[in-house]
Amino acid sequence: MRITHLFVVLAPCLLCACIGGSNGTATNTVPPTPTVNTLAVVVDAGPAGVSAFNRPYVTVKVCVPGSTTCANIDHVLLDTGSWGLRLVRSVLTASGVTLTPSTDAQGKTIQECAAFSGGQTWGPVAPADVTLAGEVAAKLPVQVLDDTNSSAPPPSTSVCVSSGSVHNAVPELGANGILGVGVFAQDCGTLCVNATPAQEIYYGCTATAAGVCTAENAALAVQVTNPVSAFATDNNGVIIDLPGLKNANGDATVQGQILFGLATQTDNALPATGLTVLGADASGDFTAALSGGTKALPALIDSGSDDYAFADSDPNMATCLTNPPPPQQPSSAQWSGYYCPIVSPQSVSVVNTGVGSNNATNTVQFAIHNPNTFIATATAFINLGGGQGSTRFIWGMPFFYGRKVYIGIDKTMSGTLKGPFYAY
Amino acid sequence: MTLHRVKWVSLALAFGMTPWCAAPVNAALGGDTASVASDADALQGVIHSTPLQQYDIHDITSGNGMRLREFQNRSGVVFAVVWSGPAMPDLQKLLGASYQTYTTAVAAANHPGLKRPLRIATSDLVVESEGHMRAYTGRAYLPALIPAGTSPADLR
Chain A
-15 MRITHLFVVL APCLLCACIG GSNGTATNTV PPTPTVNTLA VVVDAGPAGV SAFNRPYVTV
45 KVCVPGSTTC ANIDHVLLDT GSWGLRLVRS VLTASGVTLT PSTDAQGKTI QECAAFSGGQ
105 TWGPVAPADV TLAGEVAAKL PVQVLDDTNS SAPPPSTSVC VSSGSVHNAV PELGANGILG
165 VGVFAQDCGT LCVNATPAQE IYYGCTATAA GVCTAENAAL AVQVTNPVSA FATDNNGVII
225 DLPGLKNANG DATVQGQILF GLATQTDNAL PATGLTVLGA DASGDFTAAL SGGTKALPAL
285 IDSGSDDYAF ADSDPNMATC LTNPPPPQQP SSAQWSGYYC PIVSPQSVSV VNTGVGSNNA
345 TNTVQFAIHN PNTFIATATA FINLGGGQGS TRFIWGMPFF YGRKVYIGID KTMSGTLKGP
405 FYAY
Chain B
45 MTLHRVKWVS LALAFGMTPW CAAPVNAALG GDTASVASDA DALQGVIHST PLQQYDIHDI
105 TSGNGMRLRE FQNRSGVVFA VVWSGPAMPD LQKLLGASYQ TYTTAVAAAN HPGLKRPLRI
165 ATSDLVVESE GHMRAYTGRA YLPALIPAGT SPADLR
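Chains A and B supply the protein sequences, listed in that same order.
Take -15 as the starting number for the first sequence in this note's numbering and just add one per residue.
Take 45 as the starting number for the second sequence in this note's numbering and just add one per residue.
Looking at chain A on its own, in the form it has when it is part of the complex:
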């Protein structure tokens, strides 16, 4: 506060200094150069061999810790619905970066089975120096996704094998990695620190053969960590800022940005009015209820999901089928599992409510279109929905187009707002 006042008083002299040469007293009042905190986000078709849509990608600089052996990994999925950075091993290797796995107190290699909605990732945890724009997370625990099967596989009877399918390779992920910048610092948290028996999430492995990994607890500092939490500054959250789309049937590409920090620099201030702040619970969820529906569902704002994902009992909200009963029209197989409203578009109204002290209520209206009318070459669709049978509500990528979405990290303050929260 005092420095600010001094700056105001001395500002005219600073101007003099600029014009007239040196001024010894003024140098102390110059604010430090702000850290560059904006990183480009692009929605496009994804890495080679992938036909992605509604996937926001960033480029991540990753280095062997303490070295200048670095690579810029493009097409890393920007995901507000997970926590921590995961990079595909073959992509790292092709870029000349080999990360050495972390080890536990017994010298075992630490590996992880990270479960997502439709499958898991598997591979060792390794420290890396990670740079996003001008922000650095040094010795950050990241997961190396073992698409080359170079590390020990998960135990054959473990959750990682039984829950579905492992997605470690670029075609399965539709990305070269996943950058989880959601509302928590670690991907598992306290659940993985002291469980008896240990959760089947972190493992200690004695070799690279089969049958050498056993589940074990992992301290928070060891767990795969949201890089934003590890920055020296601007570490309390992010803003994802994407423009609106020009075409209801899809835009070819979208260019936007992610800003690091909330209310820490001039470019990441929180608006004084008009911001809906939705506090999240210990799972990272707030609640959402369809208008007219009675049940409030756990909800999150998830840039890693490609659609509005929720169950809708309206008979007009048909799920796309290649060979449906009339009057529904047949759908391209590409859209199986998404919504194909019989009369399109179908409008939807949803009430979001925050949890805890940030308990705002806000109604959001949007439309679901039959995706068979979408432009084949486009990669960004604002009217895509799906999720019949779901018991959750996911505000996926369509929600981000034309909005600034604020993510406040757990156990941090953003101005007067306490994380974890989502805001828009």
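These aren't lab readings, by the way, just hints derived from the structure by calculation.
Glycine included, C-beta positions come from ideal geometry on N, C-alpha and C.
Treat the hints loosely; a few may be bogus.
To be verified - What follows is a list of derived Cβ distance ranges for each label pair:
id, chain 1, residue 1, chain 2, residue 2, range
1, B, THR145, A, SER316, 23 to 33 Å
2, B, ALA151, A, GLY195, 20 to 30 Å
3, A, LYS230, B, ALA152, 32 to 42 Å
4, A, ALA256, B, THR148, 55 to 65 Å
5, A, VAL335, B, ASP103, 21 to 31 Å
6, B, SER106, A, LYS230, 46 to 56 Å
7, B, THR148, A, ARG387, 39 to 49 Å
8, B, HIS92, A, ASP265, 19 to 29 Å
9, A, LYS123, B, THR166, 40 to 50 Å
10, A, PRO310, B, SER106, 43 to 53 Å
11, A, SER316, B, ALA197, 27 to 37 Å
12, A, GLY399, B, ALA152, 43 to 53 Å
13, B, ASP103, A, THR17, 54 to 64 Å
As the list claims (entries may be wrong) - These stretches of chain B come out as covered by chain A in the derived footprint (C-beta under 8 Å, 3 or more residues):
id, segment
14, 130 to 137
15, 162 to 175
16, 178 to 190
Assemble the complex: chain A is given as a structure, and chain B must be docked to it using the hints.
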């Protein structure tokens, strides 16, 4: 709680069931009362049972927030399992004899991707799994064993 379990196992024996022959140990889906107790043991959880007209509901909760709800029909067979919690349950244990059907269907499925819900629907078995880190939910049921008058929507 211990008493509760002992009673169930005794009941199973009393009715002449042979739980460890019908399905692998720990099998809940398609299993019997003993398999419910086994699931509770695996979770170090507490069982709370609610008898309804068509079926019994067994709720198992553990100290770390894992919840299982198992639906047992009047023939004593668990025909549906619903889960929620901060970690994924072990579906190999939960699905029991249906696990092979599940893995075959998963392998054949057109994978929707890491971030979309997993849904397997065959005539014998339905499995729905979704969620995100720290919050997973899902269910599995045997359509043929759902009691008359009960809808899949009831199995939550």
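Item to check | Distance restraint hint 20 to 30 Å, applied to the beta-carbon atoms of B/ALA151 and A/GLY195 | outcome: Holds, at about 22 Å.
Item to check | A/PRO310 paired with B/SER106, Cβ distance criterion 43 to 53 Å | outcome: holds (48 Å)
Item to check | A/LYS123 paired with B/THR166, Cβ distance criterion 40 to 50 Å | outcome: Roughly 47 Å apart at Cβ, these two residues keep to the hinted range, so it holds.
Next on the checklist: Taking 8 Å as the Cβ threshold, is the statement that the segment 178 to 190 of chain B is covered by chain A upheld or broken by the three-residue rule?
Outcome noted: holds (count 4)
Checklist entry - Does the Cβ distance between A/LYS230 and B/ALA152 fall inside 32 to 42 Å? => result Because 39 Å falls inside the window, the suggested range holds.
Checklist entry - So the hint says 46 to 56 Å: do the beta-carbon atoms of B/SER106 and A/LYS230 match that? => result For B/SER106 and A/LYS230 the Cβ distance comes to about 50 Å; the hint holds.
Checklist entry - Between A/GLY399 and B/ALA152, does the beta-carbon spacing fit 43 to 53 Å? => result holds (51 Å)
Checklist entry - Per the hint of 27 to 37 Å, is the separation of the Cβ atoms of A/SER316 and B/ALA197 within bounds? => result holds (29 Å)
Next on the checklist: Does the beta carbon distance between B/THR145 and A/SER316 stay inside 23 to 33 Å, or does it fall outside?
Outcome noted: holds (28 Å)
Next on the checklist: For the segment 130 to 137 of chain B, count the residues whose Cβ lies under 8 Å from any Cβ of chain A; is that count three or more?
Outcome noted: holds (count 8)
Item to check | Status of the given 54 to 64 Å range, CB of A/THR17 versus CB of B/ASP103 | outcome: holds (58 Å)
Next on the checklist: Holds or violated: the 55 to 65 Å window for the beta-carbon distance between A/ALA256 and B/THR148?
Outcome noted: holds (57 Å)
Figure legend: structure checked against the earlier numbered hints; every hint is met.
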